[in-house]
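Taken in order, these protein sequences are the chains called A and B. Going by this note's numbering, the first residue of the first sequence is number 1, and it counts up by one from there. Going by this note's numbering, the first residue of the second sequence is number 1001, and it counts up by one from there.
Because the hints were derived from the structure by calculation, they are not lab data. For every residue, glycine included, the Cβ atom is placed at its ideal position computed from N, Cα and C. Treat the hints with caution; some may be incorrect.
Have a look at the derived ranges for each label pair, beta carbon to beta carbon [said to hold, decoys possible]:
| id | chain 1 | residue 1 | chain 2 | residue 2 | range |
| --- | --- | --- | --- | --- | --- |
| 1 | A | A177 | B | T1227 | 48 to 56 Å |
| 2 | A | R64 | B | A1311 | 24 to 32 Å |
| 3 | A | G172 | B | P1157 | 34 to 42 Å |
| 4 | A | R20 | B | S1292 | 20 to 28 Å |
| 5 | B | E1308 | A | N65 | 40 to 48 Å |
| 6 | B | G1016 | A | L60 | 34 to 42 Å |
| 7 | B | D1028 | A | T173 | 25 to 33 Å |
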Amino acid sequence: MTARVIQRLDEADLIRAVQRGDQDAFEQLVRAYDQSVLRLAMNLLRSAEDARDVYQEAFLRVYRNIHTFRFDCSFHTWLYRIVTNICLDYLRKRKVRKEESAVVETPDGPVDRMDSFEQEGSHANPESNLRNLQLGRSIDAALSDLTPRERMVFELRHYQGLRLRNIGEMLGTSEEAAKNCLFRATQKMRAVLGEFV
Amino acid sequence: MNCEAVIKAIPLYFYGELSPETEERLEDHLHGCASCQREMERQKSFAALLDPRQTQPPVNLLGECRQDLMRSVYREDAPGARHSGPDPWRLFREAFAALLHPGIRFHHVNFAQPLAAVILIGLGYFSARFTAASPGAASVAGLSPDAVISAIRSVQPGSSGQVQIAVDETRRRMISGRLEDSNIQRLLLAAAREESDPGVRVESVDILKTQGGSAEVRSALLEALTTDPNPGVRLKALDGLRNLTADPEVRKTLAQVLLKDANPGVRIQVIDLLIAHKDSSTVGVLQHLVRSEDNNYVRMRCKNALQEMNASVGTF
Chain A
1 MTARVIQRLD EADLIRAVQR GDQDAFEQLV RAYDQSVLRL AMNLLRSAED
51 ARDVYQEAFL RVYRNIHTFR FDCSFHTWLY RIVTNICLDY LRKRKVRKEE
101 SAVVETPDGP VDRMDSFEQE GSHANPESNL RNLQLGRSID AALSDLTPRE
151 RMVFELRHYQ GLRLRNIGEM LGTSEEAAKN CLFRATQKMR AVLGEFV
Chain B
1001 MNCEAVIKAI PLYFYGELSP ETEERLEDHL HGCASCQREM ERQKSFAALL
1051 DPRQTQPPVN LLGECRQDLM RSVYREDAPG ARHSGPDPWR LFREAFAALL
1101 HPGIRFHHVN FAQPLAAVIL IGLGYFSARF TAASPGAASV AGLSPDAVIS
1151 AIRSVQPGSS GQVQIAVDET RRRMISGRLE DSNIQRLLLA AAREESDPGV
1201 RVESVDILKT QGGSAEVRSA LLEALTTDPN PGVRLKALDG LRNLTADPEV
1251 RKTLAQVLLK DANPGVRIQV IDLLIAHKDS STVGVLQHLV RSEDNNYVRM
1301 RCKNALQEMN ASVGTF
C-alpha cells in the first residue's frame, strides 16, 4: 500500500515535509526504501542482529541529518551513501576481529549461521546437500578474501543490481574505480571458487 | 581486441557495464575465439553459483525494525513534530528496565498473518491494560524475569545506601486465537486504539479490515480513519472500508476525510473509493476540491474522477 502511494506522491514533497519535522512523512519515506536497505545489510553482514543495527543507525542518521539534504543528488543515492558507510564500518571491524566468516564453532562442529535461511528443498538429496554446504563455505571464504570496498561494490552490482556509475557516486569514487574494484572482486572470487565453475 | 583485453572485459560485459563500442568489439572477438567463449561461459557459471547465496531477512525482521525505528523517532526532538519531546519518565523506565533485564528489547512481535490463520499477538506495554499490575515495593531480586516496568511510583533513599523504588510491574503475555474469536477481536479493537505505538495500530487495523461486516469493526475503521494521527493507520482503515462504500454513512465520512485529511496519499485513496459510487454529494465535494486543493496531483485526480463520473469539473 505505502509503496504504491509513495510512487504517486512527489518524493521531493515528502522529503520537504520530513525536513519540516513531519514524522509521518518520514515513516512513508522509510517504507519506500527500507526493504532494500535491510536486504543489503543482511546479505553483506549475514547476521540478522547486525542488519537490524544497520537499519536503525542508517535511518536515524537520515532523520537527524535530512535538513542537510539539498536535492543535489537523488535521495536514493544519499540514503545509500549513509547505509554503505555504516556497512563498510561493520565489515572493517570484522576484518580486524577476523570474524568475517559466517561459520561458527559449536559443540556439534562448525555451523554456518546462514544455513537456517537457505537451502530450502534440498533435504531430499544428501549429495546435493553436501555440495551446497561445501559451496556455501567456499563462497564465504571467497567473500572474506575481498576487501570491504570490493565486497561492497560486488554486492551492490551483483546482488542489488545497481549501476557502477551510481555505486561510484555512493562510495564517493569514480565509475572507473568502481569498475576496477568489481574486476578485482570477480577475479579473486573466481580463483577461490575455481573447482565449482 | 586481443584475448587478454577480452578476458579482462568479460566481467564488465556480463554486467552490461561496457560502452556500446567496446561491447561490439568484444562480441566480434567472441564469435571467432573458442577460448574466450569458454571464459564467457565460466563467468556465467560463476554468477549462477552465487545467485542462490542471496539471503533474505527473517520474516519478522522488517516489521520489528520499523517499530524500533519509529519508537526511536517519536522520542527524538523534531521542529514541528506533532508528538512532544521525550518523556523523562518513559526514558527512565526504559533505562531502568534495561538495567535490570538487559535482554529485554522494546519491540512487539510482528503479527501480520493471512485471514483465518492463527493470529499471534505479542503484547508489550499494551498487555498492561489486561493484566493486573503488581503494586507495592519489590526488591530487585523479586522482579520477574519477563517483567516490564510500566511505571515508577516513587524513589526514596533508605538507610545504609539502600534505595527503595516503588514500581508497577506488568508481564508480557502471548495470546493466540482465531480472528473470529470475540475475545481476539476485542483485543484487536483495543490495539487499534493503542496510543503509544502506531506500528501496533497499523497491524491491528490491517487484520481487522477483513472483518468490515461487523458493525463494531466498521465503526473502529471509521474512527481510525478520522482520528488516527498516523497516515499508515488511516490508509489501512481505508483498505478495510473499500467494500463498504455503498453505505451512506461510510461515504459521508469519506467525503469529510477528503476535505480535512492533511495527507495527500490518504486523500487520493479516498477519491478512488468515492468514485465507486456516483452520487451528487460526491460530485459536489470533488468540484469543491478542484477549486481549493493545494496538491497538484490530488487536484488532477479530482478532475479525472469527475470526468469518469461524467460530471462537469466546475460548478455553474
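Here's how the hints hold up against the structure:
no.	hint	result
1	A177(A) / T1227(B): 48 to 56 Å	53 Å, holds
2	R64(A) / A1311(B): 24 to 32 Å	47 Å, violated
3	G172(A) / P1157(B): 34 to 42 Å	54 Å, violated
4	R20(A) / S1292(B): 20 to 28 Å	22 Å, holds
5	E1308(B) / N65(A): 40 to 48 Å	43 Å, holds
6	G1016(B) / L60(A): 34 to 42 Å	35 Å, holds
7	D1028(B) / T173(A): 25 to 33 Å	31 Å, holds
Hints 2, 3, counting from the list given before, are not met by this structure.
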